[in-house]
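Novice: Model the full structure from these sequences, guided by the hints.
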Amino acid sequence: MNITAILKLVPDLVEELEIDDKGTGLDMDWLRLIINEFDDHAVEEAILLKERSEAEVTVIAPDAEGVDDVLYTAAAKGAEKLIKLTGDFEDGVNNHALARAVAHVLQNIQTDLILTGVQAHNDLDGSLGPLLAEYLHIPYAGYVSSVELNNGNAVIKKEYPGGLIGEYEVQLQAVLGIQAAEEPPRYVAVSKVRMAMKSATIEELEVGELDLSGGPEISRMFQPEVAERATMISGDDEEIASQLVEIFKEIGVL
Amino acid sequence: MNQDIYTVVEHLQGQVSDISYSMLSAARALANFTGGNVIAVLLGHNVEGLTRNLAADHVLYIDDPKLAEFTTDAYLKALAQLIGEKQPRAVLFGNTSIGADLASVLSVRLALPLTYSCQSISENGQLTSQICGGKIMAETPLSDLTTLITIIPGGYKPEEGQTTVSPPVTRLESPSLDDLRVWLKQYFEPEAGDVDISKEPILISVGRGISNEDNIELAEELAEALGGVVCASRPVVDLGWLPTSRMVGKSGQKVKPKLYLTMGISGAPEHVEGIADSEMIIAINSDPTAPIFDFAKYGVEIDLFDLVDVLIEKVEEAKG
Ligand SMILES: Cc1cc2nc3c(=O)[nH]c(=O)nc-3n(C[C@H](O)[C@H](O)[C@H](O)COP(=O)(O)OP(=O)(O)OC[C@H]3O[C@@H](n4cnc5c(N)ncnc54)[C@H](O)[C@@H]3O)c2cc1C
Ligand SMILES: Nc1ncnc2c1ncn2[C@@H]1O[C@H](COP(=O)(O)O)[C@@H](O)[C@H]1O
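Sequences listed follow chains F and G, in order.
So the first sequence is numbered by this note's numbering: it starts at 1 and just counts up by one.
So the second sequence is numbered by this note's numbering: it starts at 1001 and just counts up by one.
Because the hints were derived from the structure by calculation, they are not lab data.
No residue lacks a Cβ here, since even glycine has one placed at the ideal position from N, Cα and C.
Careful: at least some of the hints might be erroneous.
[What the hints assert, rightly or not] Derived pair list, reagent style DSS-like, types lysine-lysine, alpha-carbon separation capped at 25 Å:
(1) G:1319 <-> F:249
(2) F:81 <-> F:198
(3) G:1066 <-> F:157
[Said to hold, decoys possible] To give an idea of the interface, some chain G residues facing chain F are shown, with a C-beta separation under 10 Å as derived from the structure:
(4) 1070
(5) 1076
(6) 1182
(7) 1247
(8) 1252
Specialist: Shown next as structure tokens:
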């Protein structure tokens, strides 16, 4: 059994985001990139499956600043093979283009199951998983929070609103969009990542010129203007607490 | 190509989901721009009754036993044929467990443009999407091709997509739904928790900013002082710090308390989806740009650990 996890880096939302001069994209100079949190769950689910069923795990990521560290971290968690897609990824890339590039690469990699995060917060032209599945002509299911392997099929749990869960059987080869791994993504110590840097190698695959068709045609990007922002309560901790207590009294919870 | 706006109706276990009505309201806004009709598309088996309250000019209903429950494969086959044949101006999906599984695949299968996470539609047909956890908006135009759009909850109110006048229904032949590769085995109903947070009047809600499991205790103490209960954002539940029954938002519960006090919650769209009916939202967050402050009535920009102990003290004092 070969499992492939696909991950990408996204802007860290804790940092301030700036719009570029054209007003149609994020200013990449100011971005700090981190792993898409749902891709982190996809990697974790791949590793959990490997531990239960002796699968081999390959992790693929498009090039971005900091991606080597993220790939080595996946190796430290137990991934066998690391692949970095190189090409014109610098200015960001739409999901249609990325899915096509990944689909192309996967034609030469033997894999039974492909896991990726159910979405990324900057998805604008669809999510990577379902786009990829269709380029590969294989089935897709998203919002997945559990995967088991059973006679060449995957048995998955798919989440619906309010906590309802559907259990599905999915024929492999398939792509699954992971919402949450069965366990929280494991923590690996920096020393283990350093060891992985020495023992693991990142294979670089040049994907050639990216075909950007199918991507979004953004006419304007902006920070939302808010109708009414919260009234901010300020002061030292004592003053703030007293003001909050006054509000609690006013609304009758105290 | 015609100017109609199609809406793929989502339903689960015999009930039309609220997002379907929100989508119909969005579809009306778009149809006002294109000059076409609002068409609801219902897939299912023996569910014609679900069309009753749909605020659509017309319903297209495909009935097939293989469409009785949502599966990606069967829905995709039926929709690919319908959209390919009718070529409406746009097709709306929910940005949900159902719609998000469909829209991207169809974008590739039918080579059609897709705009994700649309929150509002302007009078001139511009689609405004919310991305980056609510921190950024992106505008895309309606394409000349059939445009696929996923609609997020929160932009359009479900009440505006409901009617008491049943729309006319046309039944369509289902395409052959053989060679499916995804099968529903069973549903698991949500586990009941020790408390039902959707009915609690005072909620102290903790997010990833609470930092570790031991600190949940702090929130418990504050909740106890106020006579409320603790609930959480999704990451806190995924980390195993609180049970699923305490999760608020898209995949959790919708709550409607008198007081919703958040600590260390950023206010991601998937979270705020569950708190719109709260009477009073107060947010504590150390990041002044956190989107939660756009939804809260009152906000405090502070490290929550600098405030909670004092706040518990003051609450106890006030109770005398
Ligand atoms: C399909 C889908 C469904 C989802 N469903 C849900 C759902 O039902 N419910 C849900 O909540 N999420 C849901 N999510 C996840 C959602 O996208 C966000 O990832 C999540 O809501 C973020 O949780 P958070 O605010 O706790 O964490 P973060 O976004 O990481 O925010 C933590 C916040 O804490 C603040 N903070 C940190 N330290 C401190 C401190 N010491 N004092 C004060 N503030 C501090 C930070 O400034 C930050 O704003 C879903 C996602 C997807 C893709
Ligand atoms: N778990 C499964 N594995 C393989 N094929 C299945 C599975 N479940 C259903 N099928 C196929 O799907 C068809 C419809 O199944 P059902 O919906 O269970 O009546 C059957 O003819 C089976 O061949």
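Novice: Going back to the hint list, which numbers does this structure go against?
Specialist: none
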